[in-house]
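Engineer: Just need the whole structure built from these sequences, with the hints factored in.
Chains as they are written, first to last, in this note's numbering: chain A, 1 to 298; chain B, 1 to 298; chain C, 1 to 298; chain D, 1 to 298.
It is worth saying that the hints were derived from the structure and are not from the lab.
Computed footprint of chain A on chain C, listed as stretches where at least three residues anywhere in the stretch have a Cβ under 8 Å from a Cβ of chain A:
hint	segment
1	237-249
2	252-258
3	268-282
Label-pair restraints from in silico Cβ distances:
hint	chain 1	residue 1	chain 2	residue 2	range
4	A	Met1	D	Glu255	57 to 65 Å
5	C	Glu125	B	Glu226	26 to 34 Å
6	B	Pro153	C	Glu125	22 to 30 Å
Nothing here was measured: the structure is a model prediction, and the numbers come from that model. The beta-carbon is built from N, C-alpha and C at its ideal position, and this holds for glycine as well.
There are 4 protein chains.
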Amino acid sequence: MQLGVLGLGRMGRIVADRSMAAGHDVVAFDVAEEAVADAADAGAEPADSISDLADRLDGDKRIWLMVPAGEPVDAALAELEAHLGSRDVVIDGGNSRFQDSVRRAESCPAAYLDCGTSGGPASAEEGFSLMVGGPEWAYEAMVPVFDAVATGPAGHDRMGAAGSGHYVKMVHNGVEYALMQAYGEGFELLADGRYDLDLEAVARTWNNGAVIRSWLLELCEEAFREEGTNLGTVADRVEGGSTGTWTVQEALEQEVPLPLIYTALAERFGSRSEGRFSRRLANRLRYGFGRHEVARND
Amino acid sequence: MQLGVLGLGRMGRIVADRSMAAGHDVVAFDVAEEAVADAADAGAEPADSISDLADRLDGDKRIWLMVPAGEPVDAALAELEAHLGSRDVVIDGGNSRFQDSVRRAESCPAAYLDCGTSGGPASAEEGFSLMVGGPEWAYEAMVPVFDAVATGPAGHDRMGAAGSGHYVKMVHNGVEYALMQAYGEGFELLADGRYDLDLEAVARTWNNGAVIRSWLLELCEEAFREEGTNLGTVADRVEGGSTGTWTVQEALEQEVPLPLIYTALAERFGSRSEGRFSRRLANRLRYGFGRHEVARND
Amino acid sequence: MQLGVLGLGRMGRIVADRSMAAGHDVVAFDVAEEAVADAADAGAEPADSISDLADRLDGDKRIWLMVPAGEPVDAALAELEAHLGSRDVVIDGGNSRFQDSVRRAESCPAAYLDCGTSGGPASAEEGFSLMVGGPEWAYEAMVPVFDAVATGPAGHDRMGAAGSGHYVKMVHNGVEYALMQAYGEGFELLADGRYDLDLEAVARTWNNGAVIRSWLLELCEEAFREEGTNLGTVADRVEGGSTGTWTVQEALEQEVPLPLIYTALAERFGSRSEGRFSRRLANRLRYGFGRHEVARND
Amino acid sequence: MQLGVLGLGRMGRIVADRSMAAGHDVVAFDVAEEAVADAADAGAEPADSISDLADRLDGDKRIWLMVPAGEPVDAALAELEAHLGSRDVVIDGGNSRFQDSVRRAESCPAAYLDCGTSGGPASAEEGFSLMVGGPEWAYEAMVPVFDAVATGPAGHDRMGAAGSGHYVKMVHNGVEYALMQAYGEGFELLADGRYDLDLEAVARTWNNGAVIRSWLLELCEEAFREEGTNLGTVADRVEGGSTGTWTVQEALEQEVPLPLIYTALAERFGSRSEGRFSRRLANRLRYGFGRHEVARND
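Structural biologist: See the structure below:
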C-alpha cells in the first residue's frame, strides 16, 4: 500500500519505518527538510510540501498525520483539504483532544480516523498499541498499515465512532499517570523506609512473576539500573499533564469519580509550584490557635 | 473548690487562672521554678514538688495534669500514686493517646478523667471546649472547675467511659487538619487564580454570614491582616501530625474511610520532605517511555 | 433607594424583605403570580412583567436578579436590555458561572455587578455574605442595599473586576463541600468507632470553644438534635455539585491542586452511582490472581 | 535437595509440585489429611504431624511454611522448635506481617527466612516472585528451591535482613491495590462515558504495546472476556485489605505520603459499608443551610 506520512518526528518516523519494513511505499513530508532527507535515505519518497505529498499519492489516498496536537493538525488538514475526496482516508495518530477529532471528522472531505497511539518512542521495535475511531470501512482499509505499525493484529482495534480512538487514549493516559504515581509511592516508602534496599533488585524480582509486573515496572527497573537506587540527580518535578487534565474534565462531566487519577495529576501540579499556599496558610494557622512557632523563609 | 494544677505551661496556666478567677483555690507546681513563682504572683499557692502539691490538698484531692503527652504524664502519675485514694480525682487535660488514658484509668488509685482540651492558648479569655471521659461521679464532682475552665456549662460534657474524652479530641484534631487544608486549597486557588484579590477582605466577607464562616476562618482573616495577602515570609512547611496520625490509625482499625483527613495529614508529611521520590521516579519514567527530557538537579 | 427585585423565590424574597425592612422601596416581579402577590402583601410594589418592573423604577434603575443560574439570567437580561442605560445597575445575586458573568458584564447596557450570595435561606434573619464583582462606582451606589441584605457593612465587599464576585463564591462553595465532608468523616469515625457517643453532645461541646467550631458544625448539632445521633432515615445520597465542579475545572486550568475539594466532590458523584464499576473490577481481579471468591449480586 | 513443606493449600501445593518437578524430594504435611494424601499421590513423602515431618528430614533441615499469616505460623514454629538447630533453615512463604517475621527470626533456633510470595495461584505454571529476607548463607542454601518455585533465578532475590522480604511484599500489595483501582477508574469512565465500547477489545489493544500494559491488565481483559463488558453479576464489594492497612500504617510511622494507596484501601472499606455516615450528614447539612430537600430511606 502507498502511505503518505506527514510529520517525521520520532513517532512519525517510526510509522514510516515500520510501514516500509512491512513492504508499504511511503511518501514522507515534514517542515524540517533534514527530517525528509533522512526518511528518504531510509527509503521513503520525499515530498516538498503537503500539496506535493498529496499529489504523489496514487488512487485513493491514505495519509497518516503525526504532528503535535492542536493547531498543527488543523493547519495540515487545511492544506490537505483541496486534495481529498470521500474515498480517501486520513489518520490522526497524535494526542489530539477527542472533541477536536469529532469536529475534524465532520468537516474533513476524506474519511477521518482518530488513532490513539501508545508505546512511545521506546516501542519502536515492538510496535505500538493503536486505538482507532471512525468509519469501519476506513479502518478496514488501513488494516495492512495498522498491522505494520502496531505490535501486529492484536495491537490495534476499532473502538467505535469518530473520536473514540482519542477518547480511549485520553483515558489510557489518565490511568498511566496513576500507575506511575502508585509505583512511585511504593518505591518512596521502600527508599525512605526501615530497610536499606537495592531498588533495582526489588523491581527485577517483582517483574519476574509478581502480580504488579508491568512494562512501567520494567522502566522503573531500567531507571534504577541507570540512575542508581536513589535516582541520582533526577529532580522532583513532573512535566506534562494535558491528557490527564482532559480525562478529569471528562469525568467531571460524566460525574465519574477518579480519585487516584486526579491525585496523580495534582501531584504533577504540586511538583511544579514553589511554596504551596495551602501549606503556608496551615503553618500560620497553627500559630493562630496554638501559638506554635511559624516556620519562615529567610 | 481546691484544685491542684500540675504543669504551668501556657495551657496549665490558663487552667489555673480561670479557676482562680471563678473563686477556686489553686495549688500549683511545675518543674520550672519560675513558672511556679509566676503562678504564685497571680494568687496560686506554690508547691515545691509533686508530693508537696499532693500534701497541700485537703480532703478529697482534685488534681489537673497539664503536662506534655506521653512519658511526662506517666512520670507525674507515678509520683502521685502513693498520695491518691479512690475518692480523689485526677484529670489529664493534655493531648494523650486515648489508649494510654484507658490504661492509666485502670491503674490509677484515684478516679481518672481524660479531658480533651480544645481552643488552644488563643482561647484563654473565652474558655476551652472540654471533652471528658471517665466515671460519671468524678465528672460531676469537677463540674464547678469545668464551668470555669470551659466557655461555661455548654463548653464541657462527659463523652463516655475512660478514654472517650481523648478519643473525641483525637478525632477533633483529625477534622481540624482537614478544615485547615480545605480553607488552604480555596485560598490557594484565589491566590494563584485569575483575579487579583485581597484575601483578608475575602475572609472577612465570608466570616460575616457565609456558610463556611468559622473560627478557623477568623484566624485566616487575622493571618492575612498580619502577614499580608501573600502571607509574606511564612514558609511552606507544616509541623505536627501526631493526633492526625492516631486518627487515621484508629480509622484503619475500624475500617472507616477518611480520605480528606488522610490527605491533609499526607500534605504535612509532604511539606517536610525534600525531593519527593515518587515524583522523581515519575519524572524519570516519562523519559523511559516517551523520551521526554528529564529535569535534573544541578 | 428604589430597588427592583426580579425573582421571588426563597432567596429573592429575603432580598426584598431585608431591603424593605431597611427602608428601601421594592418593586417586585416573578413569573409566579402568587409570589408577586405575597411580596405585595409584605409591602412591595407588584409588577406584571419584567418590562413593567423596569418602567416602575424612577431615575437610575437598580435591579437585583435572583433567578436560577444559566438560561433564566440571560432571558431576564434580554427582556431588560431595552430599558437599561449606562447609569443603571443590574446585580446578579444567583449562583452564576463566573465566565457567564464576565460575558454578561460586557454586553449589558447597564453597569453589571455579579454578586455571590452565601448563607442560604437559613440566614434570612442574620443576613448574607455578599461577594461583589464589577465597576467600583456601581458597587458604591448599591452599598445601602448591600448593607441591608448582608449582615451589615462587614458582610459585603467588592472583590474586583467583573466576574470576581461569582469567582470567589465558586471557590467558597468548593471549600464548603470539603468542610462538610471533613466533619462527616470525623462523625463517621465517632459513629462507627469504639465508644457509644451522643453526637449532638459532641457537636455542642465542640461548638463552645473548640478550634473546629463553625456555623456548619452548628448545623451538624442541629441535625443530630432533630434526626437523632444516627441521623434516622437520612439517606446516603448527596445531590448538587455544579459549583464544586466549576471550582475543580478552574483549578485544572490554573494547575492548582485541590485534593480535598476534588475528593469531596467525587464523594457526591459516588453517592449517586449504584455499583461502582471500579470496585466491581477490583473484586473480580482478586479472583484473577488470587482465586479469591467473587462477591456477586443475586 | 530434601524439602519439608508444611501447609498444602493452593500455594503450598504449588511449592511442593514445582520443587518436585525440579527434582527435589518433598516431605509434606497439612492438618487436612486429604491434602497430604493428594500430595503423596503427586509424589511427596507424607508426614503425620509436624514432628513427623521434622523427623523425616535428613541432615540439615529445610522447611517451607505455607500456612495462613498470624497464629498458625507461631503454632507451627512452636511445634518445630524442639527439632531445629542453627544449621537448619525455615522459610515463611506466607503473607506475614514483617514485624512478626523480625520477632520470629530472633527466637527461632534455625535460620529464618521471611519470603514474600507474589503471583498467586494463577501463577502456578510460570512460577512466583519471591522476596526474601534473612541471613545470606541461608538464602544461598535455598537457591535451588527458590529457582524451582520462582520463575527462575530472576524471580527471587534476597532483599536484606530479617523482615525485609515481608516488608517488600507488604509494599507490593499496597501498590497492587492502587494499580487495581487505577485501572478500575479508567474502565469506569469508559463504561459510563460517551462511547459504547467493548472493554475486552480496549484491554486487549492496550495489552499489545501500550504504556500501561501489565499482567493485571491481562487479568482485566480476561475478566471482560469471561464476565462480559459490563462485568455481569460481579458485585460492588471488595474484600481483603490487611496488607494494604499495614502499608499505610508503616508509611504513617515513616511519614511518607501514600495518597493513592490510601485511597485505594479506603475504597475497599467504603465498598463494605452500607449508608456512609459522612454522606448522610452532608445530605442533611444541605438542608441545614440551603433548605434543599433531604433524600430519605423509606
